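Keeping their order, the protein sequence lines are chains U and L. Numbering of the first sequence is given in the working numbering, commencing with residue 1 and proceeding in unit increments. Numbering of the second sequence is given in the working numbering, commencing with residue 1 and proceeding in unit increments.
Below are the DMTMM-like pairs computed for lysine to aspartate or glutamate, each with C-alpha atoms no more than 25 Å apart in a straight line:
| id | chain 1 | residue 1 | chain 2 | residue 2 |
| --- | --- | --- | --- | --- |
| 1 | L | Lys196 | L | Glu46 |
| 2 | L | Lys30 | U | Asp71 |
| 3 | U | Lys48 | U | Glu25 |
| 4 | L | Lys199 | U | Asp71 |
| 5 | L | Lys199 | L | Asp43 |
| 6 | U | Lys114 | U | Asp31 |
| 7 | L | Lys64 | L | Glu46 |
| 8 | U | Lys48 | U | Asp31 |
| 9 | L | Lys30 | L | Glu46 |
| 10 | L | Lys30 | L | Asp43 |
| 11 | L | Lys199 | L | Glu46 |
| 12 | L | Lys199 | U | Glu143 |
| 13 | L | Lys196 | L | Glu56 |
| 14 | L | Lys199 | L | Glu56 |
| 15 | L | Lys64 | U | Asp140 |
| 16 | L | Lys64 | U | Glu143 |
| 17 | L | Lys196 | L | Asp43 |
| 18 | L | Lys30 | L | Asp90 |
| 19 | L | Lys199 | U | Asp9 |
| 20 | U | Lys114 | U | Glu25 |
| 21 | L | Lys30 | U | Asp155 |
Away from chain L, derived, C-beta distances all over 10 Å, residues of chain U:
| id | residue |
| --- | --- |
| 22 | Asp31 |
| 23 | Arg45 |
| 24 | Leu97 |
| 25 | Gly127 |
| 26 | Ala133 |
| 27 | Val151 |
| 28 | Thr152 |
| 29 | Thr157 |
| 30 | Ala179 |
Keep in mind that the hints were calculated from the coordinates and are not lab data. The model shown is predicted, which means the values in this text are computed figures rather than measured ones. The C-beta atom is built at its ideal place from N, Cα and C for all residues, glycine as well.
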Amino acid sequence: MAPFGYAGDAGVATLIGLAFGIVLERSGFGDSRILTAQFYLHNMRVLKVMFTAIVTASLLLALGHGLGLVDLAGIWVPPTHLWPGLLGGFLLGVGFLVGGYCPGTSLVASATLKLDGLAFVGGLVLGIVAFNAATPALLDFWEHSGHLGRVTLMDATGLSTGAIVLGVVVLALSAFWVAGRVERAARRRRRGPVPSGGRLT
Amino acid sequence: MMRWSHIAAGVAVAAALVAVALGEPGPEVKIEARRAALQARLDAREVHVDPWELHEGRWNSRMKVVLIDVRHEADYNVFHLRGARRIPVDQLQPNLPTAGVAVVVMSNDEAAAEAAWLRLTALGQPNAYVLAGGVNLWLDIFRPADAHGHGAAVNARSETTADVLRHRFDTARGASWPFAFPPRPHAGAPRRAYSKTLKVRGAVAKSGGGCG
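Looking at chain L on its own, in the form it has when it is part of the complex (with noise of 0.2 Å):
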């Protein structure tokens, strides 16, 4: 005679089975499940950061600060910000540091950006952010004006959905140049408002794990 211990066995090898079937939910179907959420936030701006304010926070050793460049190869190579890592928007994982650590997400305006952070935060990365304006808006900011008539800073939001780099070098020097670090901000200096977005959620202290 069948014992209710041998029918929940069955039952649990064949729920188990059945999970091995299911397999794993491929990245697409998680963001799917995920946009219209995340891309009311987009729409919202709460996960905008201001370039200024990151440029503040690069400077705050109580904060860490992950840069990710999504744009092509050939403007990262042009200029990228200093300790920004290229990675294309199709290889992101959610397998970049989190406790106490900030990723900020860059393309050369916002859309690849915000594509970026799509994904990384439908698949489960923390304390993903977006650089207001991209790199462009960047230089706009801290690249000194020159006979190219670059220097004024523009509204955050650009103008434009090409994604492309609207700043002209005639070389190639990735981070080396100096408005790729700028020097720290100064007491007093004249410094740029913004409204504050970056908000690290530090290390979870660790939680007794009890044993019932």
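Chain U with its partners taken away, still in its complex shape (with noise of 0.2 Å):
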């Protein structure tokens, strides 16, 4: 299917991918510092801004559905394979905090010529290679393993599309709240006990 013709769809996705690549730049996401951060619970920059975009995502499509304008069901959602899932997520979390990014902020990082954004994605492309030349081997493991289908909070726990949305909020919002708490708590150790008397020389 495709709205805008095929030319035009293709437009589009450009500009979105271009959007996402500015204010993924803009949130710092381009600066491994701050992504490594997260896992140091100095800065959970991470944390809101994609917390943020769910929870964006998710009120605007639950809006669009309650109101008739958009079919949840049309919309590609990522069967769910539970062991790879699992196995692949580890494998990214360690590579995110050993070399700095993830996939997609790595490009961000090299569009802006950091030599530790360069060599990350160097890395991934040496890694896509061999996954592939492993797939074989791989192969049952990768397709059927866990293997649950298309499953959405929605179907696991029979509750409404609006209902699971007010639950994200809530936990977003929380998790916002905790993560500033997180944050401040971070602040003081890293200044440290403040000398007795506590007058300036």
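Using the hints, put the two chains back together into the complex; each one sits in its own frame.
Below, the structure written as structure tokens:
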């Protein structure tokens, strides 16, 4: 289905990608120090930005669905492959922490010619080649293990789309509040204890 | 003083509460929203599968076909295609297999099957089709001519809109009749001409999620 024609759809996709890259770069996600600070709890910006994006998209989809403007059944949801997903997520997390980027942000960093971003992209390409070479040995695990099909939170819980989105919003606001407290505590730890007397000399 | 983040949080909660209040649009709302466009496809006979194409498709190991029979239980018990599942139209949900699977809906003629197809497709079931001519045409083609005079193929579009079973059976044998699953068509054997309709979209390759 190509609502704007294939060329038009490619153009729309390009614009969306451009906007996404600009948002990531302006959010500071082209800097590996900001990205890895998430794991050390110094800077929770990644959580705040990503969760904000999730909440915004979820609200727009839920409102569109409720008004009959969007058919959620027609939206591609990747099928859940439980065990490959867990393993892949773990490997991604380790790579994120060690390398300082995830695939998308490494492209953002590369766009501004950061050397570590370019190195990360090089490693990414090598990893893709290696994975493809190993695909015959991994195929059974990758395709079939833990295959649950297209599963959404609505399917799993039986709750309505609006109820799920309300839960996501509440979860996000709670996470933002906790993240703020964690950041303040981390800043206090980095400043260290205040000397006794506390007077400037 | 109200910070912008507090305002944004309030807007998000309000929007979520509106989404809860709107609830889930019922199947009738979805069907009515798409009725005109889907009816146009039915009128153009874009989704009508000739019985011979279905017959060949069932022997094609690369194609998986799910058969849904929406007829009355009595007609279903008398005769139905082997492997056909009976589901009343109002109980149809878009929870049938999707990837690489064609769902063919049938009734005695086409009226009930078309209503079922419209419901299924409006609710999001991909790869759904209607058996052209229904069970009546299937029997016209595959049931051997016998003392009842059946066997000659008739026009694909039924002359009647009553959607009743035109063939008479002395006993109710369901899918046990040999013509419920005719033998594999042999190369060189006479076959019925049809325009190909079944196009099964294969399983979509896994997409990289991307983490941003």
